[in-house]
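So the sequences go chain by chain: X and Z. Position in the first sequence (from 1) plus 115 gives the number in the working numbering. Position in the second sequence (from 1) plus 758 gives the number in the working numbering.
It should be emphasised that the hints constitute simulated quantities derived from the structure, not laboratory data. Careful: at least some of the hints might be erroneous.
[Said to hold, decoys possible] Far from chain X, by Cβ distances over 12 Å, these chain Z residues were calculated: (1) V885; (2) T897; (3) G942.
[What the hints assert, rightly or not] A few chain Z residues that face chain X, going by a derived Cβ cut-off under 7 Å, partial list only: (4) L824; (5) I847; (6) R874.
[Claimed, not checked] Which stretches of chain Z does chain X cover? Using the computed rule of at least three CB atoms under 8 Å from a CB of chain X, they are: (7) 767-779; (8) 848-860.
These numbers come from a predicted model, not from an experiment. For glycine and all other residues, C-beta sits at the position ideal for the given N, C-alpha and C.
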Amino acid sequence: MGPATVYVKNPDYVQREVAGECILVPIRRRLTDSNSIYVLNETGTALWKRIDGARSLQDITAAFLDEYDVTTEQLTQDFETLLTDLLSIQAIDEVSVSDGSTD
Amino acid sequence: MVQQTKLSRLPARFPLACQWEITCRCNLRCVMCYTDCRNRPDFVRDELATDEILRLMDEMAEAGTLEICLTGGEPLARPDFFTLYEHAIRHGFLVTLFTNGTLIREAEADYFARLRPHRIEISLHGVTPQTFERVTLGTGSYRRCLEAVGFLLDRHLPLVLKSTALTLNRHEIPAIKRYVDSLGTVPFKLGEELRPDLNGSNEPYRYALSEQEVTALNREDTELWEETCRQKTTTPMPCESGMHRFHIDAYGRLQLCSGNRAESYDLRNGSFGEGFFNVLPTFACEWKASRTTGLIRPIVHHA
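Required output: the full structure, derived from the provided sequences and hints.
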């Protein structure tokens, strides 16, 4: 989970807007979450909407710092928690990015 | 991020959950069924077409609807059922399916395992073919229903089994409950409420149990009796149909609930948003009155 990491959304999660809340609905449910939905908070919603398989975590963080009144430390901590949660339910995956080196 | 089973912050009126009678077609002819009177070609021709249902699903998704219960008739009797089902799942609806189970073979169960529903509820009318098929009037329906239960359990799908207590199966209800308990993880629901069929006939009531018979039946099982006592001691809430829940019939008519079709909004000629937000609140329902008026009966659970 470094600053250069790029994440991609898992298409097996559908984002829904329901009564002003952003929720994630797994459409290929695992046995353990067959009746669960996942509700994102405001930061989580903003992060989720910016995950596109192209922008790095660093890019997203920089854009956030321009847009919101939040400290780098707080944002880094919030993102780390959110990304851990999203990875744990397999709502996102890390994208393999070549560093350009050759063996 | 919070894992939840229900949303907690909802406006007083919001189109959260839809019960959708997508067809009155059915391969069985259950004696107490209130939709079977429309299980005829002339009515079937008037049912919503595939593209009409898909359009309405899109509008409901846009409005924020989260839960859709697909019922009938028998939903799988529609040739386009899986087109509708997949559209609903891919739009992120939590899909519940009310079915008689008999059209679910291994291929259908495999499909549900790939795109899992929120819940599948199957009606189980007896534990012997004789009793089961006296209710369904369908030869072989008992075997096919139990096979479907097996197919779904093999794939760990979220299954609920339920029975309607009738004069025809009353003697097997305790055995049905014991069978469901033996499955380990499958909830059981017992219903006693019958309703007139959609053409207004009271024919389904021919099979109704008396209140005394229902009480005696529930006393035969600890869990059923506990649930009965819980319902009797809980102060009934005024009906909230049309607030967070609504009903759509097979012809695209938006209604307060499946038990109150006195007034409808025609979704074929209007938008879902217009119907839910502007028209539905004008529909009358005696159950929506304050509980202090004396109009509320002890148990209200139509939806």
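Here is how each hint holds up against the structure:
no.	hint	verdict
1	V885	holds, 27 Å
2	T897	holds, 34 Å
3	G942	holds, 14 Å
4	L824	holds, 5 Å
5	I847	holds, 5 Å
6	R874	holds, 4 Å
7	767-779	holds (count 5)
8	848-860	holds (count 5)
Violated hints for the displayed structure: none, as all numbered hints are satisfied.
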